[in-house]
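Peer 1: Mind docking chain B on chain G? Use the hints.
In case you want the letters, here they are:
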Amino acid sequence: MRKALVLVTAAVLGLGLVAVGQRAPKYVVGSDINWAPFEWASAKGQYLGFDLDVMRAIAVLEGFEIEIVDMPFDSIIPAVVAGKVDIGASGFTITAERGEVVTFSQPYWKSDQAVVVRVGSGLTKEKALEAGRKVGAQRGTTGALWIEDNLVPQGVVLVEYETYPEAVLDLLAGRLDAVVQDVDPSKMAVAQYPGKLEIAGLIETGEEFGFLVALGDPKGILPKIHAGIAKLKESGAWDLLIEAYFGPSLAKIEAAWEKCISILLGEKNPLKYAQALLAEVKK
Amino acid sequence: MFPSPSFPLTAETWLRVGPYIPVLLRGLGVNIQILLGLIALGFVVGILIALLEVYAPRPLAFVGSAYAWFFRGVPEIVLLFLFYFGLSRTFNIPVSPFLAAVLALGLRSSAYQAQIFRGALLSIPHGQMMAARALGLGPVRAIFHVILPQALRLSLAGWSNEFSSVLKDTTLAWGIGVVEVMRQAAYIRGRDFPLTLPIYLTVAFMFLVLTYAGNWAIGAVEKRLRVPGLETRR
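Here the protein sequences come in this chain order: G and B.
End of the first sequence = 284 in the numbering used here, gap-free, step of one.
End of the second sequence = 600 in the numbering used here, gap-free, step of one.
None of these hints come from the bench; they were simulated from the model.
From the three backbone atoms N, C-alpha and C, an ideal C-beta is built for every residue, glycine too.
Keep in mind that the hints are not guaranteed to be accurate.
[To be verified] Between beta-carbon pairs, the in silico distance windows are: (1) Gly237(G) to Ile398(B): 44 to 50 Å; (2) Leu448(B) to Asp113(G): 37 to 43 Å; (3) Glu244(G) to Arg392(B): 31 to 37 Å; (4) Ser489(B) to Gln47(G): 49 to 55 Å; (5) Ala97(G) to Thr379(B): 43 to 49 Å; (6) Asn458(B) to Glu244(G): 42 to 48 Å; (7) Arg382(B) to Lys283(G): 21 to 27 Å; (8) Val102(G) to Asn581(B): 44 to 50 Å; (9) Thr379(B) to Gly237(G): 37 to 43 Å.
[Stated by the list, open to error] Pulled a few chain B residues facing chain G out of the computed Cβ check, cut under 8 Å: (10) Tyr386; (11) Gly543; (12) Val545.
[Stated by the list, open to error] Using 20 Å as the maximum straight-line C-alpha spacing, the simulated SDA-like pairs for lysine to any residue come out as follows: (13) Lys197(G) to Leu563(B); (14) Lys234(G) to Leu279(G); (15) Lys197(G) to Thr379(B); (16) Lys45(G) to Asp558(B); (17) Lys27(G) to Pro460(B); (18) Lys111(G) to His227(G); (19) Lys253(G) to Arg382(B); (20) Lys27(G) to Ser454(B); (21) Lys269(G) to His227(G); (22) Lys45(G) to Arg382(B); (23) Lys45(G) to Pro388(B); (24) Lys197(G) to Leu561(B); (25) Lys45(G) to Leu381(B); (26) Lys188(G) to Leu561(B); (27) Lys135(G) to Leu146(G); (28) Lys27(G) to Ser462(B); (29) Lys197(G) to Glu378(B); (30) Lys284(G) to Leu272(G); (31) Lys45(G) to Thr568(B); (32) Lys45(G) to Pro385(B); (33) Lys273(G) to Trp239(G); (34) Lys197(G) to Leu375(B); (35) Lys45(G) to Gly384(B); (36) Lys135(G) to Glu149(G); (37) Lys197(G) to Asp558(B); (38) Lys234(G) to Gln276(G).
In isolation and in its complexed conformation, chain G is listed as follows (with noise of 0.2 Å):
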């Protein structure tokens, strides 16, 4: 009886060992998830947005599994430099700092900077950003580094924030006269303040968000991201995700990918997926 439990057991282990062998690679992806389109938790608590999207298709296309992490945004490069993450995805600006310590993708995205002001301030971009203005920014993101870089050094107040909407709320309550920050999220925070808040006008900084990795790739994950892309590309789906994120409500999107996001995740295909998710948005 004992000899046969051995037996088994062992042979149980040693199924495990070849499962283990054959599975899919997984890898952990790290992304600070409050920072819609690109990142968010719905009302439900689940995790949507265009940079997690690609990521899951690019998981489908390529063959391995990940897990999305939420984290502080701060967190997200040492996590990749202690290998806690493998890929970190959370519109990252591509700068030679950050490419000191790790690698990054080819760039999936373009994005210029917004200055978002109180209706009725009366100010333009430029009376927004003068000497004296406080102005307002995302800890550790392009937009604070842009205006300490440029601004500070003629008398701007730059002050800080740890998240986004702590900015905007501060901005609202009259205690900043602008905030600076990438032109999509600019668009969601107008959009949830109608009549109140309203973009003055762009900084064309022209940066490039890429995906990153451990420095110099260990794992061999970027080929398969850039193989991964080319592929959503050039089947379109590319296209049509970025119409689906970028533009409607995020309650509607969130309906909408509650409905489709079966398709991706089980029928494991990304272009039926993107476009079942565009037409449900645009109901």
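Peer 2: What follows is chain B alone, placed relative to chain G:
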């Protein structure tokens, strides 16, 4: 000119909070899990440290004091980072954010709990020990059967204070990526900026209920274990 308040707390705003309550409670569940883990860890280690400080020979007692000094002196968020990033980088031990939070906050709490237990141990009259030894109990048995049970009973008042304190500390765990109630609140705020104030008021209310319930339970235990004439509260 100063703008009008940007988030008026109307009934309509409060109604919009309702659907988010389940998500917040899910986050609060994680805080409670961290709390249970850290307070249990802190209790066990705290008693050991207190016994070391009170009864161990000099060098060992010094180790206990140094431990308490370290964990009481370093800010919580630094401890969290040390355990989360430090353990995996320096010693190659894979720790999840949750485990790191329980370890960091639990060991920190143990240092505080040790002070509570130490004070209680020292407040037991020396005659008790002498009487126990005179009855033939060895020093270890005298401590565990006579001194410690009395000391623990006396510790309850201070312990309820520590409970309230560490319960709120669990909200720091988001710093290393544990998705607890503060993070759930941030999600809601991220998709619905105008709900910022009502959501945090809701979180505050949840913690008020939890601290009340916890302190009530500890108070009930204290009442049950009370020995007339030997209370801490008079």
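Peer 1: Hints first: check each against the structure and report whether it holds.
Peer 2: Here's how the hints hold up against the structure:
no.	hint	result
1	Gly237(G) to Ile398(B): 44 to 50 Å	holds (47 Å)
2	Leu448(B) to Asp113(G): 37 to 43 Å	holds (39 Å)
3	Glu244(G) to Arg392(B): 31 to 37 Å	holds (32 Å)
4	Ser489(B) to Gln47(G): 49 to 55 Å	holds (53 Å)
5	Ala97(G) to Thr379(B): 43 to 49 Å	holds (45 Å)
6	Asn458(B) to Glu244(G): 42 to 48 Å	holds (45 Å)
7	Arg382(B) to Lys283(G): 21 to 27 Å	holds (26 Å)
8	Val102(G) to Asn581(B): 44 to 50 Å	holds (46 Å)
9	Thr379(B) to Gly237(G): 37 to 43 Å	holds (42 Å)
10	Tyr386	holds (7 Å)
11	Gly543	holds (4 Å)
12	Val545	holds (6 Å)
13	Lys197(G) to Leu563(B)	holds (18 Å)
14	Lys234(G) to Leu279(G)	holds (16 Å)
15	Lys197(G) to Thr379(B)	holds (17 Å)
16	Lys45(G) to Asp558(B)	holds (13 Å)
17	Lys27(G) to Pro460(B)	holds (16 Å)
18	Lys111(G) to His227(G)	holds (16 Å)
19	Lys253(G) to Arg382(B)	holds (17 Å)
20	Lys27(G) to Ser454(B)	holds (19 Å)
21	Lys269(G) to His227(G)	holds (19 Å)
22	Lys45(G) to Arg382(B)	holds (14 Å)
23	Lys45(G) to Pro388(B)	holds (8 Å)
24	Lys197(G) to Leu561(B)	holds (16 Å)
25	Lys45(G) to Leu381(B)	holds (16 Å)
26	Lys188(G) to Leu561(B)	holds (18 Å)
27	Lys135(G) to Leu146(G)	holds (15 Å)
28	Lys27(G) to Ser462(B)	holds (16 Å)
29	Lys197(G) to Glu378(B)	holds (19 Å)
30	Lys284(G) to Leu272(G)	holds (19 Å)
31	Lys45(G) to Thr568(B)	holds (17 Å)
32	Lys45(G) to Pro385(B)	holds (9 Å)
33	Lys273(G) to Trp239(G)	holds (12 Å)
34	Lys197(G) to Leu375(B)	holds (17 Å)
35	Lys45(G) to Gly384(B)	holds (12 Å)
36	Lys135(G) to Glu149(G)	holds (12 Å)
37	Lys197(G) to Asp558(B)	holds (15 Å)
38	Lys234(G) to Gln276(G)	holds (13 Å)
In this structure, every one of the numbered hints holds.
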